[in-house]
Each structure stands twice: as structure tokens, then as C-alpha cells.
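Participant: Chain by chain, the residues run as shown.
6 protein chains.
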Amino acid sequence: MNRVIRTIPRADGAVIDGLGACGVATVHEAQGRIGLLAPYMRPIWPGAAIAGSAVTVSIPPCDNWMIHVAVEQCQAGDVLVVAPTSDSDAGYFGDLLAGSLLARGVRGLVIAAGVRDVRTLTEMKFPVWSRFVHAQGTVKETLGSVNVPVVCAGQLIHPGDVVVADDDGVVVVRRQDAGAVLEQSRAREAKEAAVRARLNAGELGLDVYGMRAALVKKGLVWLDEAPEP
Amino acid sequence: MNRVIRTIPRADGAVIDGLGACGVATVHEAQGRIGLLAPYMRPIWPGAAIAGSAVTVSIPPCDNWMIHVAVEQCQAGDVLVVAPTSDSDAGYFGDLLAGSLLARGVRGLVIAAGVRDVRTLTEMKFPVWSRFVHAQGTVKETLGSVNVPVVCAGQLIHPGDVVVADDDGVVVVRRQDAGAVLEQSRAREAKEAAVRARLNAGELGLDVYGMRAALVKKGLVWLDEAPEP
Amino acid sequence: MNRVIRTIPRADGAVIDGLGACGVATVHEAQGRIGLLAPYMRPIWPGAAIAGSAVTVSIPPCDNWMIHVAVEQCQAGDVLVVAPTSDSDAGYFGDLLAGSLLARGVRGLVIAAGVRDVRTLTEMKFPVWSRFVHAQGTVKETLGSVNVPVVCAGQLIHPGDVVVADDDGVVVVRRQDAGAVLEQSRAREAKEAAVRARLNAGELGLDVYGMRAALVKKGLVWLDEAPEP
Amino acid sequence: MNRVIRTIPRADGAVIDGLGACGVATVHEAQGRIGLLAPYMRPIWPGAAIAGSAVTVSIPPCDNWMIHVAVEQCQAGDVLVVAPTSDSDAGYFGDLLAGSLLARGVRGLVIAAGVRDVRTLTEMKFPVWSRFVHAQGTVKETLGSVNVPVVCAGQLIHPGDVVVADDDGVVVVRRQDAGAVLEQSRAREAKEAAVRARLNAGELGLDVYGMRAALVKKGLVWLDEAPEP
Amino acid sequence: MNRVIRTIPRADGAVIDGLGACGVATVHEAQGRIGLLAPYMRPIWPGAAIAGSAVTVSIPPCDNWMIHVAVEQCQAGDVLVVAPTSDSDAGYFGDLLAGSLLARGVRGLVIAAGVRDVRTLTEMKFPVWSRFVHAQGTVKETLGSVNVPVVCAGQLIHPGDVVVADDDGVVVVRRQDAGAVLEQSRAREAKEAAVRARLNAGELGLDVYGMRAALVKKGLVWLDEAPEP
Amino acid sequence: MNRVIRTIPRADGAVIDGLGACGVATVHEAQGRIGLLAPYMRPIWPGAAIAGSAVTVSIPPCDNWMIHVAVEQCQAGDVLVVAPTSDSDAGYFGDLLAGSLLARGVRGLVIAAGVRDVRTLTEMKFPVWSRFVHAQGTVKETLGSVNVPVVCAGQLIHPGDVVVADDDGVVVVRRQDAGAVLEQSRAREAKEAAVRARLNAGELGLDVYGMRAALVKKGLVWLDEAPEP
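Chains as they are written, first to last, in my numbering: chain Z, 1 to 229; chain F, 1 to 229; chain U, 1 to 229; chain W, 1 to 229; chain G, 1 to 229; chain S, 1 to 229.
Hints are computed from structural coordinates only; laboratory data are not their basis.
Misleading hints may appear alongside valid ones.
No copy is singled out in the list; a pair is fine if it fits within one copy or between any two copies.
Simulated pairs of lysine-lysine, DSS-like, Cα-Cα distance not exceeding 27 Å [what the hints assert, rightly or not]: (1) K140 / K217; (2) K125 / K191; (3) K125 / K217; (4) K218 / K125.
All chains should be modelled from the sequences, with the hints used to inform the complete structure.
Facilitator: Here it is as C-alpha cells:
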């Protein structure tokens, strides 16, 4: 049954913003290397970086009708997440829909398909992570669902999950775990800051991380020169 | 027989420029969603946007001899369209050829293969849409033809057809249809402008486009909350 | 046997810098069209252009331990070259390692796999050519070797070979050939400069290169108009 | 937390076998075009056709340790479903593991990664659907989980869901829906049988399905000859 | 305007069969290396080899309605050629349509998209060359055209052109050129037969083709042993 | 300088045959997981399995002239290894060349590009591992070299190295290491035979390999049922 769920839970706004400040790589590591969307999901302009609550759209191939339906369910701070039920490179989304989302305070779009009007989207500074850029239009004939769990670029995303996206890609954090993951992300950042200072000052990672003994134990050998072939 | 056709028809200059101003996505929609080249055709620098008359080159794989032949057939306002007879990622084109084309007033290059010297091409502001960036050189051993119909990135292009290219990709308009397509493109733009204003002001596409009844008729259901799984 | 070779030969610094100034396309042509890495090796930010001595890393899939080992073997003017023994899109490298390399004067990274923290790497102006951008982390469990010959993106690279990289991709020059290739590159540049001036002034390549007779001999025909189909 | 769940629910055996007899295309249609794995999942030998209860494995890239763990959780009639947490083309599975699974009555393997020993697997008539064939080995260093929900080739699969696989690919049916989907599949088969007889006898689909009026209404025009271009 | 052209010209049946007997590689060479469809077009079962007159279908992405329309336009000896207007991996075609085509004497299908029911199609010995195998269904909502020129897998195909397909792929021959191409193909076959006999008897191609002088002239050098590195 | 080396070292024939009997996966493991060509190298017919001494060809893109030159350097028991200097999907090789190689006792072809006449090659039982099947012909204009080290599908191959190929792909063994690798391969086979017997009899790999303690130490947890979500 195709359906639109009107009410979804959302994570705490400060937690969401905190995750966005940490960025994709840190959040992904902090939560145990899960939740990362496939690397073909790329920003259409460099430097975009957002976090928000997922409003999800399960959508047929080559048909964008349900995105129009989904706009109504979005509120400020959300990220629209669009997943075709079968691979499609069609251009589901352009500047008109972006204007509509911006009017509602939506922070960006994550779509495992194509988008168009990328120059205008860039001028509007509307953040988009997509698999394709393609001017090919879609039809409006077949239903899908809004705010159901979807698999987007290889990851399961529930409505209200936190989506973090930047130049490294897109990661999803379960809504229920958002607070804990933020803590772990900040702990990781703090640890990395200390390491970073030492590395930037010229200390070697081998020493900072104390790797030498383990390498020797595994059998690594240092030779002054390459042996004769 | 390999041949070079010296005289080709061209569309009206004002029409060509008008189509360029409308852009790829609008022109593609306006002419009934035909003529769009494959989405792997990408600009080598962002923001390039051109329209011009196609001077076409049918060229063997890994051999760029005929591009040199084609330059002589180009005039101001043209776009060079290069299609290998078999897929090739070789770098057929670099800054020397670009300088030669610029000297003749050519507006850009559309090539279903590779190009090189992209930094210099970017500095020269010479617009290129290509499938690959590759420094790999080509030979000059085998003939092809200039100003014959070619299939380029999946689309049939005749010499003199109008090629429109921007950040969304490349679309071809039959020369004979250029005037009509421009009218349809402008009509579409006008209609979109009105819609855009309403959407930017916060009206929903569901209402602007009057979609609600059709969605209900198809069976879409709105629920306040997700049902128990 | 997994090993780290401490002492590698390096080419003359002035020669390396000269090759860098010539750029990838010219060097590749000048040495007879060999040594070009696959075109999927792309810079993570446009405009980066380097040359340096290769410090090579042969590394298991999804495991970046040996990069930490390799840092210690790098000195100012080097380029780190990382080649997994089996294809991997994992993110082997991020801003911490970049800071460590910058502290040693390393000029950049060439990696036939993924990297992450690309926004920070861009802000640091640390040049990277990679096959993927991917936040997916790696483990530190399995050894590899440093400063052994590696196949990276389809090319054999020895420690101490000269690696040249720019917006056109990456090319390797055998250390022993570096001087000769620089001479040939400069000769090619000089020749191209003369040609470029003539082409920019509007002379045709057909005349500058004297191609007309060969084209006619091969059978090319110029027709004033397209024949009836 | 990495975990192995020992007890999973399974669908009724007769229902599972019934779904297998219907085949992937029919089941996929019957359940409303959901649950189909990506088309890169191909059988390693033609003609294999199975259905069974999913025992799921979430597994790190390039590491097959958890497959050994999963074998113990398999029983007769099961299908092992393996999903790396990040794309990997490594060969996770070969004839030794297949022998172990056959000894337990497992019906086959669905793996969104690589396998090896394909000649022996073919001789053993052990059915495998994989994304790659690759002799590249994996390590046994990092944990994953068994019998947790996984995303495999784009589809969410729960332990105990019914997996149907044949030459057309792989489809998953929610365990709770298996009975209903079997009924719908059989209804579809019955309907198709009647249509097939008429089509094979030379009746046109246009008439069997009664499409002519709708085509005319949409504006389709039949012309005796192609108009002049 | 979407249209169905009822009457198309066809080449002589004996010529078509003659081209089929020559096979794809020979015909492609004989007509000057043109007309070859992209190599991603593969037979769904090995050994299929056909030639026939193209009945062409231009079809929207993810919509197979027009295939049903096209069946009516097919007659014995035809090959159905289906080209989506935008890339699609959906399964447009299955065993029901195959039965319908077989009832009309159609020789096979060439489709630049996906098909399903491949086991049944194989059992029916219905020849299909497709880009994908995919169970994903299509809708029946949008019109296309039948018997108009289409670009299929990179080649322009007119209704009535001769399509030749075997394990090497698919090649199209212009209907008007079919007789001449058959003559050239047979001439090539005769020449190859003589060469084949000599090569099979152990004569070297270098001598049979008389290549030695040209190789020496180009500068090739034979050395008894590899020089010291 | 383009050159043909006439005399190359070869490994002992019995060792080569022994490696062939062990197969790709075993040899690859036995020599420490090195030497495996990329997984896109696939046999054109299933069941082919060979081993032989590499006669190597470095060849320009889209030009097969040097294969004719290489035939003369082949002797009984050799495998022809062809590597374009830049990626090419052209069909470099067909049944005429296969006949010529068979007349010399050559065991097969490994080519990181395309081949054609696959039906005839299959009937001739000539083994080929290629990246593409493509009828597209090549030219004979540009030199390459025979019996120089080449990078083929990601691996460095020297003339006289042992190439082993079967349904799992292709692996190269350094000529100097062939004897030792054969011993290691046989040792691995012996060990696997014992394991295989136990696994086929129903013992678990967890017990045969003694993995349980390590899994527990890493933190793996067995639960009787899935926890509440």
C-alpha cells in the first residue's frame, strides 16, 4: 500500500547540528563504521556540508511524482532523502523543487538518482548529493511512499534518522543513537586534535600511535637498500 | 567514402542564442524529451554554457587526424562535435586545437571521447564537454568524415543542427525545428517563472499543479503515524 | 617477505622541477607515450600540479597500516605513491596523514584507491590524485612493503621514479630517463610554442603541419554539398 | 556490538518451495515490484534456481571470518546471504565453504561480493549468485554479525526472509508475507498461462490486453508510410 | 508526434540470410567498419546467430507499452529492435512477448535495455541480444513510436535495415547497401579462407601478409636477447 | 625503441603443468596473494584451464600489428599475453590468429582488450581470457614491442613468467619462483584435502580451524534471540 506518514520522530536539533559540525568521516568512524552511503553519492558543488532529519521518499524508476508529495511533509531542518525502487539515472529534481524546499527551510537533498538545473542549484546554494547529473525528465504516473524506511545508495534510512553530508559523501545515524554518536564523534575529534598537533609538528605516526613493536612482531623488515633482484 | 562537406545549412543566429539562453533542461523538455546526449558528457569546467551550429566529425578510435581537417570547415558561432566510430577514451584534443578554434570564433567542443590540457583549456575559457579527461595521445593515420550525420553519446546529430550545452549536459535540436523549439522553450520558461514565484513563496506544488485529486484516485493514503510493523 | 627499503635513489631536483613545469601531457608525449596512469586517477581539487620522487607503498586491500610506515621514509620533494594489491575503494588517507606528510615536505599523494577529508585536504592545499573519494575506513592488520616496485593504476613505478601530476592525470618517468625526457619535453614545448602562435593567429593546422597532401593521398574527398542520400 | 543470533523464524517449507517454483520475475511482480536485488547479482552457472530461508551475514570489506561463523547457524533449506558493509570484489567464498554448507543442506549462496573456485562450485552444482568472480583472498581479522538485518545488493533482508533466485536474479520476500505472495504469484501464473496460450496461438497482445482504445486516446497515430522527412 | 508506420521496405530475403551466414565480424569489416553496436550488447544464450529486417521501436525509459504495439507490425524474418530514449536497465521483455513474436516468425530481439525470463527464453531458443538481464518490470503509460529511425546502442537503425547478430555482438547494414555488403562479405570470406589454410598449416602471418618490410621501415628491431636494464 | 626479443627463458615444463593442475586460486594463495590479474579478465568459454610461458606483447591502443609479429616468437607450451599501452576495447584477435597460434602449439591467449570470432574460437577450443568481446577491428600502423615486461590487467608480467588461467581468472608466477610456488601450491592442496574431507563430513570450520576462542576474544557474542529493536 502506498502511503504518506505525516508524523515522524526527529532527533534533537542541537545534536543534529553537532553531528553536522563533526562531518561525515568522523561520524562514520565514531559509530563503528556503519551507515555510509555508496561513494557514487557526490555533492553537485564543492563545500556543501549539512545535517538534518531524513524525510524519506520511496519512488518508482523514472517517476518523480512522490517528491511533490513529500515536500508537504518537510519542515525546517529536514533533509529530503529520495530512493528509487530500481536504479535510475533520470533527472528527478531541479530548481523549482529546490525553491519549494528552501521555502520550507529544508537543508538539502540526498538522491540515489539524477538531478538537473545544477547551475541554478549551485547559485541558490541548495546542497544536493546525487548519483547522476542528467537533464532527462521523469513522468508523474505511479505512486510511491513518503516517510517509510528506504534503502538509499546501499543504506537503510528510516524517517527521522539523521543524515550528515559533506564533500566526503553521506552517512546516516539512527535517530535513537544520535546523541551517543555525537558524544563518540566529539571524543574522536578531541583525540584526533591531539594527534594532529603532534603529527603537524613532525612526530611520526609510528611513534604517536606506538606501532613499531606490532610491525616487527608481524615480521616487517627494514633494509638499508633493495636486495639484488 | 571518406568525405568533407564544405557547405552546411545553419539555423538563424538569434534562434541559436535564444536556445542557449534557455539552457539544456528547458530545451530538452520543450522539444518533447528528445535529443539529450548521455549523462557521461560533462563540462571540463563548471559554468560553461553555449549554443551553436554543429560541425560534425566522424572519427576512428584513437586517431584525431580529422579534427584538424574539420577546423577549416568551422566558422564563428559553430560548435565542433566529435564522435569516434568506436568507444575511445584517448585524448583527441588539447590547447593547440582550442587556440585554432578560438581564432575562428568557434564556441566550444562536444566530444564523446577524451581531452587533455584541461588546465590550459580552463584558463582559455574554452568550453568543452567530454566523456573523459585523458593525456593519452592519438595517431594521425586513418581518415574519417566531416559534416556527415554522426551518433554522438547516443544521439544522432546532423551538420548544422543546434547544440546546446551547459552544466546539465548537452542536447541537440534539429536545425529545422530550432525556431519552433525556441518558442516552446520560452513558453515553458514563462510558465515556470509563474510557478517558481509561487513555490518560492511557499505554496506547495501539490496545490500549484493541482495534484491532490489524482493522487487520491490512484490510491495514495495519508496516515498520521506509521502503522505497527 | 614484507620489507621497507630505507635508501632509494632520486633524480636531480632541478630535473624533477623541470618535468613538473612541462606538465603531464607534454612529458607523456615527449617520452614516447608511455608511463601514463589510468584516467580514473583524478585530482581532488582543480589546479594542483606537482612533480616529485616516488616513495612507493604496496598495500593490502582495505588496510592502510603501511602508509604510516611509509611516512618515515619520505623526505622533502617526494610524492607518496600507494597501490593496493587488489582493487579497493576504501578511504586509506585523510587529513592527519596529510599533515604528517606536509611536515616532511612531501609534495602530494598518488593513490589508486580512496581518500577522505577532502574538504580539509583542499583547505590545506595538499595535492592528491585518487581513484575514489570515500569516507570508508581501513584496518591496520596486514603488512605490505615500502619502496618496492608497484603497479599503480596500470603503470609500473619504481621507488625514486619521477611522478608528474596535474589536471590531466599522472605520468611516471623512469628515474634514469628523467634528464633525457626533460630535454625532449622542452624541445616539444619549444616546437609547440611556435605552432601555437601560428594557430592562434588563425593559420590552419592543415597548413602548419602540412597535412593536405597526405589526406588526398589517403583518398579524402572535399565536396561542396552533401550528396543526395 | 557484533553478535550472532541463534534462533530465527522461518517461513513454511511448502510456501518457500512454492515461491521457488514460481521464479523471480513472477514473485517480484506478484508482491508489487519490490524486493529485487540489483541486476549485477548473477548466477555463476546457468539454470540454478532455488528458494530458501535467509541466514544473513553482515561482514567487513575483504574479510570472510564471519562466513565461517554463519555456517553453524544454517540448517537444511536455508540460503546464506552475505553483505559486506562496504563494496568489495574480493573472493570471500570457495569450494571448501560450499562443501560445508552442502553438508548442512544449505540450498545456495547470495553474496554481494566475489567468489572463487567457480569450476568446482559448478561441478558440485552448488548454486551461487554473486557480484564478482575473483580469486583474491580475504583475511580473518574483523568481526561482523550473523542473523541481523542486512542491505544486500540494494535490498533489506531480515533473517528468515524468503530468498528466491534463478537466472533472472534474486528477489527477497518478507517472511510474514510469504504465504500471501505465493497466492498472488500463483494467481499471476494462472492468468499468464491463459494469456500465453492465446499469444502463442497468434493473437496480438493489443487485443488480448485490450490496449487499442487507450493508445488512441493517448494520441498514437498509425500511418501507412513514413512521411517525407 | 508518436506514430506507428505500417509499411516498411525490406531487403531481399536471400541477401539477409547470406549476411547472417557471414556473421557479425565479417559483415562489419566488409562494410568498412561501420554499424557495430556497442559491445555491451550480449546474447542471453551462447550460439544464437540471426539476421533479419529491423522493426524499430523508440520507447520511453521504464515503459514497454510500445513493444506490444510493435508486435503487430512484425512479420516472418523480422528482428525487433528496441531503443529507450534514455538509458534504462529495466526488464522490458519476457517470455510472453517472445511467444507472441515466435508466432509471427520473428527471428529475435535486439534491445538496448533489460530482459527477463531468460531461462524460458533460452528453452524456447528465442534469440535475444540485450544490455541487461533484470526482472524489474516496466509500466504502460507513455507512448513512443514504431518504425522510425532509432539510435540503438550507439548506432542509427532505420526500419528495414538488416540486423546481423551472433556471439560477437550486433551489426546493422543499411537496407540499400545490403546486396553490396553481402558481396564484399563473401569476397572477404573467400580471401580469409585462403589465408586461414596457410596459417593453419603453420605459415606465419608476417609472410602471408608480407609485413616484414613495412615493420623494418617503421624501425622495428629484432634482438637475440634482452639488453641489460 | 620498439623491439622484439627472440630468446626468452622459460620455466621447466613439468613445473608449468603442475601449476596449471593446481589452478588459479590455489597458486595465488600459495605465493602469498600476489600476481592476480584484475577480475574483469574472463574466459570466453567456461571450463578452459591452462598454464604456459608468457610471450608478452606491448601494443598501442586499437592496433594489433604486433600480435602478428609476436606469433613468430611463440613455441609449443607458450601463452600469448597482450597488453595495450592504453585501455582499448577493440577486437585485436580472431580465429585466423588463433589458427596460427594453434599451429605452433600455443596454449591460449590472455589479452587486456577485446577479441572477436568467439563462436569459432569456442569451436576450436582455443582458450582466451579477455576483458571484452568486440567485433570492432584494429589497424596495423604503429609499432610496439614483443617480449618486454608489460603491465597486463594490473600485473607486471615478464617474458617467460608462468601464466595460469582458469574459470577463476588469471595469475602470473615469476619464472624464478615457479618451482617454489608449485611446492607451496601442492602443500596447500594437501592441507585443503584434509580439511575438505572433514567439512564435507559435516564438521564445522569453526572447529576444524579452531576459531572459537579468537572470536570470543575479539568480542563476538552469541544470543539465542534477536534483542528487541
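Participant: All hints are to be evaluated individually against the structure, with a verdict given for each.
Facilitator: Right, here's what the structure says about each hint:
no.: 1; hint: K140 / K217; in the structure: between (63 Å within a copy, 13 Å between copies)
no.: 2; hint: K125 / K191; in the structure: between (33 Å within a copy, 23 Å between copies)
no.: 3; hint: K125 / K217; in the structure: neither (52 Å within a copy, 37 Å between copies)
no.: 4; hint: K218 / K125; in the structure: neither (50 Å within a copy, 35 Å between copies)
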